[in-house]
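Participant: Sequence:
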Amino acid sequence: MYYRGAQAAVVVYDITSQKSFTRAVSWIKELKQQANSQIVILLTGNKADRAADHRKVSKDEGQRLAEENNLIFTECSAKTGMSVGEIFMSIAQTMARHGVPSPEKDAGKSVKLEKDSGKKGCC
Numbered sequence: 024m025y026y027r028g029a030q031a032a033v034v035v036y037d038i039t040s041q042k043s044f045t046r047a048v049s050w051i052k053e054l055k056q057q058a059n060s061q062i063v064i065l066l067t068g069n070k071a072d073r074a075a076d077h078r079k080v081s082k083d084e085g086q087r088l089a090e091e092n093n094l095i096f097t098e099c100s101a102k103t104g105m106s107v108g109e110i111f112m113s114i115a116q117t118m119a120r121h122g123v124p125s126p127e128k129d130a131g132k133s134v135k136l137e138k139d140s141g142k143k144g145c146c
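Letter by letter, the sequence shown follows residues 24 to 146 in the numbering used here.
The set of hints was computed from the structure by calculation and includes no laboratory data. A virtual CB, placed ideally from N, CA and C, is assigned to each residue, including glycine. All the given hints hold, so there is nothing to weed out.
Cross-link-like lysine to aspartate or glutamate pairs, in silico, EDC-like; alpha carbons within 16 angstroms at most:
no.: 1; residue 1: K82; residue 2: D37
no.: 2; residue 1: K82; residue 2: D72
no.: 3; residue 1: K55; residue 2: E90
no.: 4; residue 1: K79; residue 2: D37
no.: 5; residue 1: K52; residue 2: E90
no.: 6; residue 1: K102; residue 2: D37
no.: 7; residue 1: K55; residue 2: E91
no.: 8; residue 1: K42; residue 2: E84
Pairwise CB distance ranges (calculated):
no.: 9; residue 1: A115; residue 2: N92; range: 16 to 22 angstroms
no.: 10; residue 1: V35; residue 2: N59; range: 15 to 21 angstroms
no.: 11; residue 1: Q56; residue 2: D76; range: 32 to 38 angstroms
no.: 12; residue 1: A119; residue 2: A75; range: 31 to 37 angstroms
no.: 13; residue 1: G28; residue 2: R78; range: 34 to 40 angstroms
no.: 14; residue 1: H77; residue 2: I110; range: 18 to 24 angstroms
no.: 15; residue 1: Y26; residue 2: T103; range: 25 to 31 angstroms
no.: 16; residue 1: R46; residue 2: A75; range: 20 to 26 angstroms
Let's have the full structure, built from the sequences with the hints guiding it.
Facilitator: Encoded structure:
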């Protein structure tokens, strides 16, 4: 995981896999120990579209983990798009509310995304 200078992180686990939830716990610990102390962390349980018949991690377990670690919590479905947009809105709103500082303007190198046409001159 690369998190140097990160201001936010999304930790995703699969609600149909207890092992995935256990790994999410270790990722949260690592972020809390190694990342910026003001990092905004959102925990989300993915595959909410399969909750009715395949759920192994209860919504309460996810919510409890988030509360214990002062995280934002949601469940989503990458397959259907359910709550995916809300994840990023929640992070942005939390950062704005808590006044998370923006990275310095010239902190990184700029990257040119347009490809040069290769043609030079007037014609």
